[in-house]
Each structure stands twice: as structure tokens, then as C-alpha cells.
Amino acid sequence: MSSKQAPLPWVDVLITALAPAIWGSTYIVTTELLPPDRPFTAALLRCLPAGLLLVLYSRHWPGRAAWFRLAVLAALNIGFFQALLFVAAYRLPGGLAAVVGALQPLLVMGLVWGLDSRRPANLALGAGALGVAGMAALLLAPGAVWDSLGIAAAFVGTACMAAGTYLARRWRPQVPLLAFTGWQLLLGGLLLAPVAWRLDPPLPSLSLSQCLAYAYLSLFGALLAYALWFRGIARLTPVAVSSLGLLSPLTAVVLGWALLGQSLTGLSLLGLLAVLGSILAVQWASAAPAPLPPAAPAAQLQR
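Residue numbers (the UniProt record's numbering): 1 to 303.
Read the hints as simulated data drawn from the structure, not as lab findings. Misleading hints may appear alongside valid ones.
[As the list claims (entries may be wrong)] Computed beta-carbon distance windows for the label pairs:
(1) Pro-176 with Thr-265: 14 to 24 angstroms
(2) Arg-119 with Pro-204: 24 to 34 angstroms
(3) Ser-209 with Trp-61: 47 to 57 angstroms
(4) Leu-267 with His-60: 46 to 56 angstroms
(5) Leu-56 with Leu-206: 19 to 29 angstroms
(6) Leu-270 with Leu-14: 22 to 32 angstroms
(7) Ser-209 with Arg-59: 29 to 39 angstroms
(8) Leu-219 with Leu-260: 20 to 30 angstroms
(9) Val-11 with Leu-276: 16 to 26 angstroms
(10) Ala-215 with Ala-129: 30 to 40 angstroms
(11) Leu-52 with Leu-212: 17 to 27 angstroms
(12) Leu-219 with Ser-117: 24 to 34 angstroms
(13) Tyr-57 with Thr-265: 17 to 27 angstroms
For glycine and all other residues, C-beta sits at the position ideal for the given N, C-alpha and C.
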């Protein structure tokens with residue numbers, strides 16, 4: 001049989017890439033528009049309304065066997081990840097949080113290797129390491145504040161999203177895409193509700209711009225972006241999908257340059273090119289066919 005490399009599903013890659021591109025606006029919206037010091041409220045208002053809308057629209061009630069997996073995926077992809085994401089966004093410079101988040105493709109490769117006994121291609125491993133190095137060159141400033149709680153939140157959140165990305169492909173129940181997305185957002189939002197109620201101060205009177213910011217994070221940052229993300233997980237490998245997550249901090253950099261006047265040095269531009277090269281290399285490596293098993297001895301073939 002032919003061992004030609006399968007063509008790259010570029011349409012699916014580009015559609016999936018829209019999700020982290022939208023998520024890249026989270027940092028600038030959080031820091032510039034949202035009320036300060038309310039990370040869990042921001043996560044709750046991002047996820048719960050979007051989940052309600054999708055569940056009502058899809059009108060699909062999952063079967064009994066699907067609930068446990070949906071609850072675990074909702075906790076990993078939505079509840080834990082969103083809460084920790086906003087903790088990191090409030091406590092760390094966006095660049096430092098993004099460098100920690102760049103570890104996600106390597107963590108997914110470790111899960112695939114350890115649990116599925118499928119060793120990632122050397123190209124994918126090298127590209128994952130290049131992505132972390134490129135992100136550091138792009139975003140780490142000499143005076144970055146290494147807040148220990150923020151670092152821990154960013155790392156644990158990255159690990160939760162890596163596990164959720166891996167399990168969403170492996171566990172995908174027989175649920176339509178919009179219902180699959182909606183129930184995760186709804187269950188994750190319900191998980192966030194008591195935490196936001198207990199730990200965050202009450203919201204002040206919101207301005208129109210703050211209301212629009214919360215609406216944007218919910219409708220685009222959750223409803224649309226997660227639907228595209230889970231669509232990609234169903235069509236691409238977990239490693240390929242996780243590498244596209246590096247587009248989130250790249251988008252944040254472009255928005256900071258375009259809207260806030262943040263400068264880009266030569267080293268930053270070099271890091272940007274390295275991250276883009278890492279994403280493309282992982283996509284290429286993920287499309288390569290698995291190696292053929294060793295040929296059987298001639299004596300066995302003659303039996």
C-alpha cells in the first residue's frame with residue numbers, strides 16, 4: 001500500500017484557528033474594559049449565558065451514559081480553565097501568562113505518548129519546544145513580575161485545557177456539536193457560580209462599554225470560539241489543535257500593538273516568526289501517517 005502523506009486539512013485548520021484568535025482578545029478586554037479584581041465573575045459571565053443559549057437552541061438532552069464525561073470535560077475545558085485563566089490574566093503580564101500557556105502542545109504530546117503509546121514525531125516535539133522559546137522571545141520583558149500564584153494558575157489552567165483537549169477527542173459522546181459545546185459551557189458555568197459568589201466582590205454599576213465587553217466575551221469568546229474549537233478537535237488531532245492555541249497570544253500582541261501602541265522589538269519579531277513556524281511544523285507533523293509495523297518474517301508469511 002502507498003505510504004504517501006495525507007494532505008493537510010487546511011480548511012479545518014483555518015476554521016479552528018479562529019477560536020484562539022478570538023481568545024487572544026481576552027487579555028486586552030479584561031485589562032482595559034472589565035471591572036478589576038473579579039476573575040471568577042468574568043469567567044462566569046463569559047460561559048454561563050453562552051451555554052444557556054446553545055442548550056436552548058440545540059434542544060438536545062444527552063443520554064445517561066454521556067453525563068459523566070460531559071461533566072469532566074466541562075470542568076477541565078470550562079470551569080477550571082476559565083477560572084484559572086482570569087486569575088492569571090489579572091495577576092500576570094499577558095506575555096508571561098502566554099509563555100506558560102505555550103506549554104500546552106507539549107503537555108498534549110505527553111498525554112498522547114503516555115496514554116496512547118503513540119510517540120510524537122521528532123518534528124512535532126522540536127516544534128513544540130520552539131513555540132515555547134519563540135513565545136518567550138516575543139513576550140517576556142526584562143522586568144516581568146513573577147507572581148507565584150499567577151504562575152501556578154497559568155500552569156494548572158494550561159494542564160486542564162491540555163487534558164480537556166485530549167479527552168474531548170477520545171471521549172466525544174454521540175452529541176451534536178452545538179449541544180456538546182453548550183452543555184460544557186453550561187455545566188462549567190454552574191461550577192463557576194458558587195466560586196464567583198463566594199470569592200469575588202459584587203459587581204458595581206456597569207457602564208455601557210463594560211456590558212458590551214461582557215457580551216463580547218460570552219457571544220464571541222465562548223459561544224462561537226468554543227464551537228469552532230470543539231469542531232476542530234473532532235476533525236484534527238489533539239496535538240494539532242493544541243498548537244493552534246499559540247495564536248491566542250500572537251493575536252494579543254497584534255492587538256496591543258494596534259490598539260495600545262505597544263512596540264515590537266527585533267527580538268519580538270523573531271519570536272513571532274518562530275511561533276508561527278512552530279504552529280506550521282506541528283500541523284505538518286500531525287498530518288504525517290503513522291509508521292507501518294515491522295514486516296513479518298518470511299517463515300510466517302508462508303504459513
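How the hints compare with the structure:
no. : hint                                     : verdict
1   : Pro-176 with Thr-265: 14 to 24 angstroms : violated (47 angstroms)
2   : Arg-119 with Pro-204: 24 to 34 angstroms : violated (52 angstroms)
3   : Ser-209 with Trp-61: 47 to 57 angstroms  : violated (38 angstroms)
4   : Leu-267 with His-60: 46 to 56 angstroms  : holds (49 angstroms)
5   : Leu-56 with Leu-206: 19 to 29 angstroms  : holds (24 angstroms)
6   : Leu-270 with Leu-14: 22 to 32 angstroms  : holds (25 angstroms)
7   : Ser-209 with Arg-59: 29 to 39 angstroms  : holds (34 angstroms)
8   : Leu-219 with Leu-260: 20 to 30 angstroms : holds (23 angstroms)
9   : Val-11 with Leu-276: 16 to 26 angstroms  : holds (19 angstroms)
10  : Ala-215 with Ala-129: 30 to 40 angstroms : holds (39 angstroms)
11  : Leu-52 with Leu-212: 17 to 27 angstroms  : holds (19 angstroms)
12  : Leu-219 with Ser-117: 24 to 34 angstroms : violated (41 angstroms)
13  : Tyr-57 with Thr-265: 17 to 27 angstroms  : violated (46 angstroms)
Going through the hint list in order, the structure does not satisfy hints 1, 2, 3, 12, 13.
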